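K.L.:
Going line by line, the protein sequences match chains A and B. Take the first sequence: its letter number 12 is residue 12 in this note's numbering, and every next letter is one higher. Take the second sequence: its letter number 49 is residue 49 in this note's numbering, and every next letter is one higher.
Because the hints were derived from the structure by calculation, they are not lab data. Just so it is clear, the structure is predicted and the values come from calculations on it, not from any experiment. Incorrect hints may have been included.
Stated by the list, open to error - Now the in silico label distances, taken between C-beta atoms and shown as ranges:
{"no.": "1", "chain 1": "A", "residue 1": "G4", "chain 2": "B", "residue 2": "G134", "range": "18 to 26 Å"}
{"no.": "2", "chain 1": "B", "residue 1": "K145", "chain 2": "A", "residue 2": "T94", "range": "28 to 36 Å"}
{"no.": "3", "chain 1": "A", "residue 1": "G30", "chain 2": "B", "residue 2": "G110", "range": "31 to 39 Å"}
{"no.": "4", "chain 1": "A", "residue 1": "K103", "chain 2": "B", "residue 2": "S53", "range": "35 to 43 Å"}
{"no.": "5", "chain 1": "A", "residue 1": "S74", "chain 2": "B", "residue 2": "L84", "range": "28 to 36 Å"}
{"no.": "6", "chain 1": "B", "residue 1": "N86", "chain 2": "A", "residue 2": "G38", "range": "19 to 27 Å"}
{"no.": "7", "chain 1": "B", "residue 1": "K136", "chain 2": "A", "residue 2": "T37", "range": "47 to 55 Å"}
{"no.": "8", "chain 1": "B", "residue 1": "W33", "chain 2": "A", "residue 2": "L31", "range": "28 to 36 Å"}
{"no.": "9", "chain 1": "B", "residue 1": "A32", "chain 2": "A", "residue 2": "G55", "range": "19 to 27 Å"}
{"no.": "10", "chain 1": "B", "residue 1": "E71", "chain 2": "A", "residue 2": "L31", "range": "15 to 23 Å"}
{"no.": "11", "chain 1": "B", "residue 1": "T124", "chain 2": "A", "residue 2": "G4", "range": "15 to 23 Å"}
As the list claims (entries may be wrong) - Calculated cross-link-like contacts (lysine-lysine; reagent style DSBU-like; alpha-carbon spacing at most 35 Å):
{"no.": "12", "chain 1": "A", "residue 1": "K20", "chain 2": "A", "residue 2": "K56"}
{"no.": "13", "chain 1": "A", "residue 1": "K36", "chain 2": "B", "residue 2": "K65"}
{"no.": "14", "chain 1": "B", "residue 1": "K142", "chain 2": "A", "residue 2": "K33"}
As the list claims (entries may be wrong) - Residues on chain A that point at chain B, a partial pick, calculated with CB under 8 Å:
{"no.": "15", "residue": "L16"}
{"no.": "16", "residue": "K24"}
{"no.": "17", "residue": "H25"}
{"no.": "18", "residue": "L31"}
{"no.": "19", "residue": "A43"}
{"no.": "20", "residue": "V58"}
{"no.": "21", "residue": "A66"}
{"no.": "22", "residue": "S74"}
Ideal Cβ placement from N, Cα and C applies to all residues, glycine included.
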Amino acid sequence: MAKGILRVKAKTAGDLTSVKMLAKHAMETGLRKDKKTGDKIPAKYLQEIQVSHAGKVVFQANLGTAISKNPYFSFSFAGGAKGEELQLSWKENTGNSATETAKIK
Amino acid sequence: MSINRRSLLKAIAAGGALAGCGVLMPRLALAAWAEKAFTAEEQTVAMQELYGSAEHEHTTEVILKAPDIAENGAVVPVTVSTGLENVETISIFVENNPTPLAAEFVLPAGTQAKVSTRIRMGQTSKVTTVVKAGGKLYSAAKEVKVTIGGCGG
């Protein structure tokens, strides 16, 4: 599988699975200017990140431009076991999207 | 017989794929990215667009963890947690940002009502978090001082 933009650490402790994820993304707001030309750099940012486990959505983030570069999220959900897979799908404002997977450790 | 078996398998596979799409598609459409809320330039307008109401109740049940002073506005860690039941969504607003709505988290049942992220802040501002629980809106706010802005550059 192609290397994705999301780095995920998911761990199960007791009934809960905690997920920490870091997306490698510039989160360009569209407000910044190119210092040399003075032109605005077009907006390019993540709009949606959705995490599913066993066919069920466990977390969804709808994002604006006020999320920092290389966005970080953490959350935890009930269920999940070591070795199981999480499906992570993301969508950019440009229409780019992809689905990645990560294993629970 | 073998042909029948093969076509039967094909039919099952196709049906499975279709069912898979059927399950995934409405879910994505359900909580679509609220464009009007994310592009609104006023906090109250953004709340109105997102929740259909800008009215919310301040409560100590919602805990917003953010630094008092953020040295770098480009990366401000924020954690929202709440003891409220039936939490549906958690959103974060930064009042003085060009577009106040930073993020909306949709939390299905079974997911803990605690999320952390990092936001951008253009300047010193009040950060408000709104938690929708059981159809009602609750909020908590905190003033965060920013010494170096994180927007523009």
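K.L.:
Confirm or reject the claim that N86(B) and G38(A) have a C-beta distance inside 19 to 27 Å.
P.N.:
With Cβ atoms ~50 Å apart, the hint is violated.
K.L.:
Does the CB of V58(A) sit less than 8 Å away from some CB of chain B?
P.N.:
holds, 5 Å
K.L.:
Is 28 to 36 Å respected by the C-beta to C-beta distance linking K145(B) and T94(A)?
P.N.:
holds, 34 Å
K.L.:
Under 8 Å is the threshold here; is the Cβ of L31(A) close enough to any Cβ of chain B for the hint to stand?
P.N.:
holds, 6 Å
K.L.:
With a cut-off of 8 Å on the beta carbons, see whether L16(A) makes it to chain B.
P.N.:
holds, 7 Å
K.L.:
Going straight from one Cα to the other, do K142(B) and K33(A) come out at no more than 35 Å?
P.N.:
holds, 30 Å
K.L.:
Is the shortest C-beta separation between A66(A) and chain B less than 8 Å?
P.N.:
This interface hint holds because 4 Å falls under the 8 Å limit.
K.L.:
Starting from the hint 47 to 55 Å, judge whether the C-beta atoms of K136(B) and T37(A) obey it.
P.N.:
holds, 49 Å
K.L.:
Holds or violated: is there a CB of chain B closer than 8 Å to the CB of S74(A)?
P.N.:
holds, 4 Å
K.L.:
With respect to the beta-carbon atoms only, verify the hint that A32(B) and G55(A) lie 19 to 27 Å apart.
P.N.:
holds, 20 Å
K.L.:
35 to 43 Å was suggested as the range; check whether the CB atoms of K103(A) and S53(B) agree with it.
P.N.:
Holds - the Cβ-Cβ distance for K103(A) and S53(B), about 41 Å, lies within 35 to 43 Å.
K.L.:
Quick check on A43(A) please, does its C-beta sit within 8 Å of some C-beta on chain B?
P.N.:
Not OK, violated: A43(A) not within 8 Å of chain B, min 11 Å.
The structure is inconsistent with the numbered hints 1, 5, 6, 8, 11, 13, 16, 17 and 19, although it conforms to all the rest.
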